[in-house]
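One letter stands for each residue in the lines below.
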Amino acid sequence: MIAPIASVMFLGLVLGLILGYAAKVFHVEGDALVEELIELMPGTNCGQCSFPGCSGAANAIARGEASVDCCPGGGRALAEAIAAKMGVSLGAGGKADSGPKLAQVAEHLCIGCARCFKVCPTDAVIGAAKQIHGVLHGACTGCGSCEKECPTGAIGLEPVPLTLRDWNWTKPALAG
Amino acid sequence: MGLRELLNGVRWGVHPHDDHKRPAADVPLRVMPLPERLCVPLLQHVGAPALPVVAVGERVLRGQLIAAAQGSVSAPVHAPSSGVISAIGEVTAPHPSGLPFAAITIALDGKDEAGDALAPHADPFSLSPAEVSQRIADAGIVGLGGATFPSAPKAQLGLKLAVHTLIINGGECEPYLSSDDSLMRVRADEVIDGVRILMHATGATKALVGIEDNKPEATAAMRRAAEGFAAIEIRPVPARYPMGSDRQLVQVLTGKEVPSGARTASIGVLVNNVSTCAAIHRAVRAGEPLYRRIVTVNGGAVAQPGNVLAPIGVLIEDLLAFVGLKEAPARLVMGGPMMGIALPHAQVPTVKGCGGILALTANEITDVAPSACIRCGSCVKACPMGLLPLELSAHIQAGEYDKAEAKGLDDCLACGCCAYVCPSHVPLVQSFYHAKGEVWKRAQQKKRTEFTKGLAQARTARLEREARERAEAAARRKAERAAQQAAAAASANTAGGASA
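Going down the list, the sequences are from chains X and Z.
Here the first sequence stands for residues 214 to 389, numbered as in this note's numbering.
Here the second sequence stands for residues 191 to 690, numbered as in this note's numbering.
Think of the hints as simulated: they come from the structure by calculation, not from any bench.
Careful: at least some of the hints might be erroneous.
[What the hints assert, rightly or not] Below, computed lysine to aspartate or glutamate pairings styled on EDC-like, alpha-carbon distance capped at 16 angstroms: (1) X/Lys-331 / Z/Glu-654; (2) Z/Lys-301 / Z/Glu-226; (3) X/Lys-298 / X/Asp-336; (4) Z/Lys-626 / Z/Glu-656; (5) Z/Lys-516 / Z/Glu-554; (6) X/Lys-298 / X/Glu-371; (7) Z/Lys-643 / X/Asp-336; (8) X/Lys-314 / X/Glu-371; (9) Z/Lys-637 / X/Glu-252; (10) Z/Lys-631 / Z/Asp-600; (11) Z/Lys-637 / X/Asp-379; (12) Z/Lys-636 / X/Glu-293; (13) Z/Lys-636 / X/Asp-379; (14) Z/Lys-593 / X/Glu-252; (15) Z/Lys-593 / Z/Glu-581; (16) Z/Lys-626 / X/Glu-371; (17) Z/Lys-636 / X/Glu-249; (18) Z/Lys-643 / X/Glu-249; (19) X/Lys-331 / Z/Glu-590; (20) X/Lys-384 / Z/Glu-590; (21) Z/Lys-631 / X/Asp-379; (22) Z/Lys-350 / Z/Glu-321; (23) X/Lys-298 / Z/Glu-590; (24) X/Lys-384 / Z/Glu-628.
All chains, please: the whole structure from these sequences, using the hints.
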């Protein structure tokens, strides 16, 4: 009588330990795809995509509720990277890439209200109350959060002028 | 494989039947009279642009420093002749985009007055290698073969990595061009002396001068000049494009292959152009900064093609006016026909790396519409880097830049052999130019994204810290108020107690 009880108890103990160990080792922290998408996103949580931050957008893309080109800050390169990760084709139907845009302050309109730099997700707008603000172009992601805050329309997104450094040949057309 | 390839053992590249180098190469060197103005660009080298040290309206003399080097990889710029600075601003760059870049415009006075040049030194071998490098840096010398990497940091790198052999590039494999050829014929002594100075600066014990076998006059002149210097060896190499590419020349002369993604210094050799060596001789021995160079002006539209000693920053239209035009050129090219830059118009200045200006007629330009790839493999045979141009091109057309990179896009020299031999006129090298730019752009974008991500995280951390500090301050104030009230109540109690 003792022997079968002991052996079944022993078996249960061993299997339980294996299960417990496997649960620890093969633990999945959320959706792996979402994590990978978050890694690709700009991470500024600017909210231009209408989702709650970059992780919200990544979740929505992973569930198929948002298009792969929903991030305006990331531009065409990010859309292509996400499309590759999701295994979908971006196609020509995707949003036309109008080229990079960065925030710019029109000095004659700025009243120094200090509203824009409070919303900037990367602290790219500098200034103080009653002082004309400026934008650090190296830090601006072109998310446009500041544009909505400005009471005088002084801050807005302007296309970045093309320089020798950034210019590139267009992809040559093949026969066909 | 043809007999020629079998005989000379070179199995890559192309051999244009007519290299169009003569008769221009045989015409004696001419000195260009001074034009009315010069536009001297600030970025004529790899690295950071030079910073102007003169103001508009200031009079400058020949050889005077007008823009100083910025950072470790950069080169200063000197005034090619005397005159007044009329503008510091943007002019059209010698670039297919036609975009502007910064330049200093000098209205020349024609007096060509010499300023305080660098100190000449009669015996550079008594200087330390570091001092020689400093003189090379002060003279603004960059690689004149076209790559325009500043020569001083290159020599210092050679010294640091203990290179044993200097490879002197007299290949000049591009058709039409003969500026190095002309230099070696006329100034072989200067080249050889420059090689010796550079050997001293880099610590190299041997120098191999590779000259393509289509330049017998230059080879003979260089042999005469090198007599008595056992460490310098003149080696004719087969005329085959792209022999003037550093990796190919190193392989032919030393038999060693430079590993993918590494510099030539990693196998103990350093490659310098013959024109660079002559410039080093002039800078160190005579104290002459780099403000002029030999430019080949060639092409079917040129009336008197040949080599011209021209100041750097001369406008192409002035240069073409000097040699004369037979007809309006169909295309203007800076550099050779294989790797040169198609110019947007003639109001473009020359730069230090400009060895040739071509004014080509419509007959000299092939503008054939591409047809489908027939998978003949000609491009694979022609590629000097052993790549598969047809596969790279297919990946690029499909937008798979990462796959193109995995198949060696970075190793591509953009020499153009693949597109030259393609019977279907597939734009192969054109695709690689585009893909290299795209890959660079994406890498920049990625760097930027990482940077802004860090900024966003820092901001979030800051906001959280501020909120926490505010909460703590509020809690502290509340506690203080509570303590005050308690104290007040206690004192009221004691007062009450006392009165009771």
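### Task
For the pair supplied as a hint, Z/Lys-301 and Z/Glu-226, confirm whether the alpha-carbon distance does not exceed 16 angstroms.
Roughly 11 angstroms separates the two Cα atoms, so the pair holds.
### Task
Measure nothing beyond the straight line between the CA atoms of Z/Lys-643 and X/Glu-249; if it is 16 angstroms or shorter, mark the hint as holding.
15 angstroms, holds
### Message
Check the hint pairing X/Lys-298 with X/Glu-371 against an upper bound of 16 angstroms on the C-alpha distance.
### Response
Given pair X/Lys-298, X/Glu-371 is violated - Cα atoms ~31 angstroms apart, limit 16 angstroms.
#### Entry: Hinted pair Z/Lys-593 and Z/Glu-581, Cα distance within 16 angstroms
Holds: Z/Lys-593 and Z/Glu-581 sit about 10 angstroms apart, inside 16 angstroms.
#### Entry: Pairwise hint evaluation, X/Glu-293 against Z/Lys-636, where the allowed Cα distance is 16 angstroms at most
13 angstroms, holds
### Pair hint Z/Lys-637 and X/Asp-379, alpha-carbon separation not exceeding 16 angstroms
OK: Z/Lys-637 and X/Asp-379 at ~14 angstroms, within 16 angstroms.
### Task
Could you grab the alpha-carbon distance between Z/Lys-626 and Z/Glu-656 and see if it respects the 16 angstroms cut-off?
45 angstroms, violated
### Query
Taking 16 angstroms as the top limit, are the C-alpha atoms of X/Lys-331 and Z/Glu-590 close enough?
40 angstroms, violated
### Message
Between the alpha carbons of X/Lys-384 and Z/Glu-628, is the straight-line distance 16 angstroms or under?
### Response
Distance of about 9 angstroms is within 16 angstroms: holds.
### Query
When you check the alpha-carbon spacing of X/Lys-331 and Z/Glu-654, does it fall within 16 angstroms?
14 angstroms, holds
### Proposed proximity, X/Asp-379 with Z/Lys-631 (alpha carbon, max 16 angstroms)
7 angstroms, holds
#### Entry: Pairwise hint evaluation, X/Asp-336 against Z/Lys-643, where the allowed Cα distance is 16 angstroms at most
Roughly 11 angstroms separates the two Cα atoms, so the pair holds.
This entry does not satisfy hints 3, 4, 6, 14, 16, 19, going by the numbered hints stated previously.
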